[in-house]
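Chains V and X are the protein sequences, given in the same order.
Okay, so the first sequence: first residue is 2 according to my numbering, each after it adds one.
Okay, so the second sequence: first residue is 482 according to my numbering, each after it adds one.
Hints may contain errors.
To be verified - Mimicking DSS-like on lysine-lysine, the simulated pairs with C-alpha atoms at most 27 Å apart in a straight line are: (1) 212(V) x 287(V); (2) 598(X) x 588(X); (3) 533(X) x 415(V); (4) 511(X) x 366(V); (5) 208(V) x 267(V); (6) 456(V) x 545(X); (7) 408(V) x 533(X).
Note that these hints are calculated values from the structure, not bench results.
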Amino acid sequence: MGEGTKMIKKVLIANRGEIAVRVIRTCKELDIKTVAVYSTIDKESLHTQIADESVCIGNPPAVESYLNMDLLIETAKKTGVDAIHPGYGFLAENSQFAKKCESAGIIFVGPNSKALALVGDKVECRKTMQKHNIPLIPGMQSIGGNIKEFKEMAKKVGYPVLIKAALGGGGKGMRIVKNEKELERAVAAGRREAKSAFGNESVYLEKYIEKPRHIEFQVLADNFGNVIHIFERECSIQRRYQKIIEETPSTALNDKLRKKMGETAKKIIKTTGYTNAGTVEFLLDKNKNFYFLEVNARIQVEHPITELVTGVDLVKQQFLIASGEKLTLKQEDIFQRGHSIEARIYAEDTESDFLPCPGKIHLLKEPQGPGIRVDSGIYSGWEVPTHYDPILSKLIVWGENREVAIKRIEQALKNYIILGIKTPIPFLIDIVRHPQFVKGETYTNFISQNMEDWKPNRELLDTALIAGAIHLQTRLPSVGQGMPQRVISQEVAKSSSPWLELGDWSNT
Amino acid sequence: MEHRFIHSGETYKVTIEPKENSHEVTIDDKQPLQVEVVSAFTNSLSLLINGKIKTVYLAEDKQKKYLSIDGNYFELELEKGRTAKRGRVGLKEGNVVCSPMPGSVVKIFVSEGNEVKEGQVLTIVEAMKMENELKSPIKGKVKKVNFSEGEQVDALQPIVELEAL
Chain V
2 MGEGTKMIKK
12 VLIANRGEIA
22 VRVIRTCKEL
32 DIKTVAVYST
42 IDKESLHTQI
52 ADESVCIGNP
62 PAVESYLNMD
72 LLIETAKKTG
82 VDAIHPGYGF
92 LAENSQFAKK
102 CESAGIIFVG
112 PNSKALALVG
122 DKVECRKTMQ
132 KHNIPLIPGM
142 QSIGGNIKEF
152 KEMAKKVGYP
162 VLIKAALGGG
172 GKGMRIVKNE
182 KELERAVAAG
192 RREAKSAFGN
202 ESVYLEKYIE
212 KPRHIEFQVL
222 ADNFGNVIHI
232 FERECSIQRR
242 YQKIIEETPS
252 TALNDKLRKK
262 MGETAKKIIK
272 TTGYTNAGTV
282 EFLLDKNKNF
292 YFLEVNARIQ
302 VEHPITELVT
312 GVDLVKQQFL
322 IASGEKLTLK
332 QEDIFQRGHS
342 IEARIYAEDT
352 ESDFLPCPGK
362 IHLLKEPQGP
372 GIRVDSGIYS
382 GWEVPTHYDP
392 ILSKLIVWGE
402 NREVAIKRIE
412 QALKNYIILG
422 IKTPIPFLID
432 IVRHPQFVKG
442 ETYTNFISQN
452 MEDWKPNREL
462 LDTALIAGAI
472 HLQTRLPSVG
482 QGMPQRVISQ
492 EVAKSSSPWL
502 ELGDWSNT
Chain X
482 MEHRFIHSGE
492 TYKVTIEPKE
502 NSHEVTIDDK
512 QPLQVEVVSA
522 FTNSLSLLIN
532 GKIKTVYLAE
542 DKQKKYLSID
552 GNYFELELEK
562 GRTAKRGRVG
572 LKEGNVVCSP
582 MPGSVVKIFV
592 SEGNEVKEGQ
602 VLTIVEAMKM
612 ENELKSPIKG
622 KVKKVNFSEG
632 EQVDALQPIV
642 ELEAL
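Construct all of the structure, not just a fragment, from the sequences and the given hints.
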């Protein structure tokens, strides 16, 4: 702790689920008191129960609770916190909210509102990058107007081209166009989708990069102009333009390219006046040219893999920077050691096009062992609500090299038991076992190329039927390995306390 | 005993015949399999199927069973009608009281012909230095007692057989 700075003492976490739990964990280590907020449906959620204080902030729809800026600020004042940590999603990248916090004298644990506004506007951000000679994917400099403009630019950069929403994210409003015939319809469809998703129909056009890899760099910037990068994450394994498996280091980078991309990431952060933790996303093409995509102005879902290979607690750094500390980490102090992979566990049905499928978790048993970390927001007996992002948890492993890490995550996934709702665990196992994945041939089209016709393995169906029948026919005591590990709610505690779990057994 | 499950719209018939130290399980008209229960708890079963060990995690909810085996996930639905008339699934089925683990029978409190109340302790089995009271799942009459005190019992071997009253 530097001279004259005042460490945050109490924070409100304006989020829910695994990321709220993750932030609270670091707060406990830093002796920062925590205030959780929850919607009525989240009363029994894990984050609500592990914070020092919990405040109900409204009805289940996010606009009436987790997105209600004024209510959050009011709650922050009432509970006497110094700071608000926004997590990811919800208000994390909302510059208006950051500004409201600043005016209310509450520290927003994230970038300053000005930089947040700049990086949040993709078209504006692109213009700034172009001025500073940051490599960009060839395409429009601003929002496209009439269809003629789109046609001319498409011809100039060459097909295939990509139509993207100006305020977009998560693939919404995005369209790949292979030739001029498809263009007009794609622009119209992109606009409609952008309008309904973001309330703004602005779209633009750029060259579509084939067989690209998604490589991003984690950065930290303090309020004194010091910027470091904490190396890359490769997040090429995506479904519906959303990441599901991430790893670091990337097999596609050598030291020279890594250094060049890292320095570029730092330059991007400096030119935008960005502060706190952030991520600079790039696309890497098959000839190892890289193009700036965007700055993710938040703690990322996949941040733990960086933590496991570098030993840096990124949430802790967020709090230190937000408290006004100077970065004590120097670029030359940061090393990558070993390999880390993360798999995201969602409540979704892989077979039905990854449709979210909430429900009750009847049994949870998390994998354990050396090099295994689970960031989770769930427990046995909890009902996954329908109102929010279906992410349940993240399984993160570390191994001394990629080969070990792959084996480790495969085994850990096999020992990750979630019963009652569908999750992508069987699908994830098949991805990490896939020869192309093992070889490091990971491109953003990996799933459409290799997993398109995926069906769950039915070899063990007979075993399941046998077990089901034997289970039916027998009266069994509640003992043993299936014991839930996180027991929070009263009702659940009754049926699964380790001692009650022993049933009628007594020691002899 | 016969059970019917629905998985992905298909119905499967599973027949279980208890043998001396194991069960003979037949799925539809396939070859019967020798299944030994190594351990059995509410949420996990360890089965030796034709010599290979499989650990199965499972949970149930009304007419559904959820299972996880080696990273594979299954949802089985009990065929309606058959289970409904049998009452609460998993408890009264078969009207037999078994030990969940191999162990020794420490005490037997009932003999043939005795009338028992639901929840009445019928026998105590000791395994792994723990005593387990096995209670009657139903109000009924003792049909048969298969073990005497001091005898060794395997997992899921019926110790007391009951008749509903």
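Go through the numbered hints given earlier and state which of them the structure violates, listing their numbers in rising order.
4
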